[in-house]
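Chemist: Here the protein sequences come in this chain order: A and B.
Be aware that the first sequence starts at 1, since it is given in this note's numbering, and climbs by one per residue.
Be aware that the second sequence starts at 1001, since it is given in this note's numbering, and climbs by one per residue.
Hint data in this document are derived by calculation from the structure and do not stem from the laboratory.
Treat each hint with caution, since some may be false.
[Said to hold, decoys possible] Mimicking SDA-like on lysine to any residue, the simulated pairs with C-alpha atoms at most 20 Å apart in a straight line are:
(1) Lys1284/B to Asn175/A
(2) Lys1041/B to Gln1087/B
(3) Lys1126/B to Ile73/A
(4) Lys1276/B to Gly168/A
(5) Lys146/A to Asp1144/B
(6) Lys1262/B to Asn1273/B
(7) Lys284/A to Lys1284/B
(8) Lys123/A to Ser2/A
(9) Lys1276/B to Asn295/A
(10) Lys1022/B to Asn1035/B
(11) Lys1052/B to Asn1028/B
(12) Lys123/A to Asn295/A
(13) Lys1270/B to His165/A
(14) Lys1287/B to Asn295/A
(15) Lys1126/B to Asn1273/B
There are 2 protein chains.
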Amino acid sequence: MSEFIYGIDIGGTTIKIGLFSKLGTLINKWEINTNTTNFGKNILNDIATFIKSNEVPLEKVIGYGFGVPGPVIDTTVLNCVNLGWNQVDIKKELSTVLQNENIFVANDANAAALGETKNGASKGFKDSVMITLGTGVGSGVIIDNKIITGSNGAAGELGHIKLIHDNGLPCGCGNNGCLETVASATGLKNITCHLLNDSKKISTLKCSKELNAKMIFDAANNMDELAITAIDRFTYYIATAIQIITVSVNPEIVVIGGGVSKAGEPLLNKIINHFKNIGFSSVKDTKIVLAKLGNDAGIYGAAGMVKV
Amino acid sequence: MSEFIYGIDIGGTTIKIGLFSKLGTLINKWEINTNTTNFGKNILNDIATFIKSNEVPLEKVIGYGFGVPGPVIDTTVLNCVNLGWNQVDIKKELSTVLQNENIFVANDANAAALGETKNGASKGFKDSVMITLGTGVGSGVIIDNKIITGSNGAAGELGHIKLIHDNGLPCGCGNNGCLETVASATGLKNITCHLLNDSKKISTLKCSKELNAKMIFDAANNMDELAITAIDRFTYYIATAIQIITVSVNPEIVVIGGGVSKAGEPLLNKIINHFKNIGFSSVKDTKIVLAKLGNDAGIYGAAGMVKV
């Protein structure tokens, strides 16, 4: 009898592999390195080799879920700069070697959002949005316990909402003024550098290559006024993204995750305060919470897609 | 055998009643006045009286769909200023008198979006968004052929996206800087008045109570530079809303409806041009089209909700 599910989160540096029970309980997890050489051609082989060498025989596996850092339609990754991939149909590549047709694929931010719904901060809520604040801004929209992928796999690309209409900074996507340019770790640095260049305020911070989000949060904790202003703007932009998503799909709960969310409750409270000021009347009470699963959200969500 | 469906669109001035076949073909339609006196207490009675006096016997009716100008959860309208209603459960109020439990209710903009999917501009597309540009801005999000209502009935309230962050105009919702303040008929007038007050450009237009969207479009057609600038900004804001929705839920098609959309292809082309400039790369080719059903979209969508 099949009784196990694999949830696999393929990142640019490591691949996280989780073994789950049929009911979605995490039994064990591993990490292997992502081999991005040769256009990432070995990545799927490496995963298959690991799984076949694992103690669980293939016939005991119900199915496999994958999270990948790129847009996905059905089981096909459209492109994945971090992995060196162009179009890759993961199901087609792996179904024979894993002797399993029950293979599901999602964008990693979408998988993380589903993971938090399956076992984390949004557990028990059927409609949720997760915003992942890292180097960039990822997000996932869950409606009726399912990931919304959209017609081009671009649903939940909230990081690319055009938010700044005059003199917006260039974004990695080719546009400028995207949410990501002001609401990610990089965005916080951008705001801080802008303030440092633009204002006469004395600050302990300097706009340099080394400046990072943690340094800015630390400075704010030490009452550095410029850092406080920077974080105020930064959290306003995040609140604006939440304002937009609450009048677009009106989720029950918004989950804030990613490296930046390690700043914790003080960050969250600033976001909530801004949101209370700008939120549409009937959605002002939308729950806004911190993610719970950290780096495991992806494997939970990947496994959560598998039909049992 | 039951073979008919009623689709009913309750507006602040008139109630549109459509009789549809089981397959969704419109057989006949009528309009009755909306009696908003006494907090709209007679509205549902008036509808029931009309239907009972109609030639189709109640037992031949499969079910009823309603569109209403307010937020809806399940079959309950939460509030409806235009009708004088507070909370009204339409199913509870009408199921006995109509001898039918198959009653469905949606916000009117959501119903219109579904109507265009059932028989209009977005027919054949399972994921679509309709933006209705009238006195205000309404919208509806359809995913997998179903209306997304959200947890407070506020999904598809794109008119209340906060778009202007500095010196935004007050919106009817109590906030300021909402999309509706710059992307509705009123919004176009707002932009034009702002330009008239602010610039030295010579224009045939004057900012007065009488100024309306049609006058501004006419002036632009007569090469009035200020009117052309106003419409350029106006269409940019609409394109921005489309930019946002395409990275949020990534529909296959966006439908532009409402009174303002009567400006037709020239308006549409300006919106598309702006969208091509600011759209996220993978969704730049999202179809943007004009609505087809006009005032009938609501009854089509209302009927389209009924389970057959």
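Chemist: Within 20 Å, alpha carbon to alpha carbon, are Lys1270/B and His165/A?
Modeler: 18 Å, holds
Chemist: Regarding the pair Lys1276/B and Asn295/A, is the alpha-carbon distance no greater than 20 Å?
Modeler: Violated. Lys1276/B to Asn295/A sits at ~36 Å, over the 20 Å cutoff.
Chemist: Need the status of pair Lys1276/B, Gly168/A: alpha-carbon distance at most 20 Å?
Modeler: 17 Å, holds
Chemist: Hinted pair, alpha-carbon criterion (20 Å max): Lys1284/B, Asn175/A. Please report holds or violated.
Modeler: Distance ~12 Å between Lys1284/B and Asn175/A Cα, so the pair holds.
Chemist: Starting from Lys123/A, check that the Cα of Ser2/A is at most 20 Å away, please.
Modeler: 26 Å, violated
Chemist: Would you mind confirming whether the straight-line C-alpha gap from Lys1287/B to Asn295/A stays at or under 20 Å?
Modeler: 37 Å, violated
Chemist: Are Lys1126/B and Asn1273/B close enough, with their CA atoms no more than 20 Å apart?
Modeler: 25 Å, violated
Chemist: Going straight from one Cα to the other, do Lys1041/B and Gln1087/B come out at no more than 20 Å?
Modeler: 12 Å, holds
Chemist: Decide if the proposed pair is consistent with the structure: Lys1052/B and Asn1028/B, CA atoms, cutoff 20 Å inclusive.
Modeler: 15 Å, holds
Chemist: Lys1022/B and Asn1035/B were given as a pair; does the straight-line alpha-carbon distance stay at or below 20 Å?
Modeler: 30 Å, violated
Chemist: Is Lys284/A within 20 Å of Lys1284/B, Cα to Cα?
Modeler: Distance ~32 Å between Lys284/A and Lys1284/B Cα, so the pair is violated.
Chemist: Could you grab the alpha-carbon distance between Lys1262/B and Asn1273/B and see if it respects the 20 Å cut-off?
Modeler: Distance ~18 Å between Lys1262/B and Asn1273/B Cα, so the pair holds.
Going down the numbered hints, you'll see the structure goes against 7, 8, 9, 10, 14 and 15, while the others check out.
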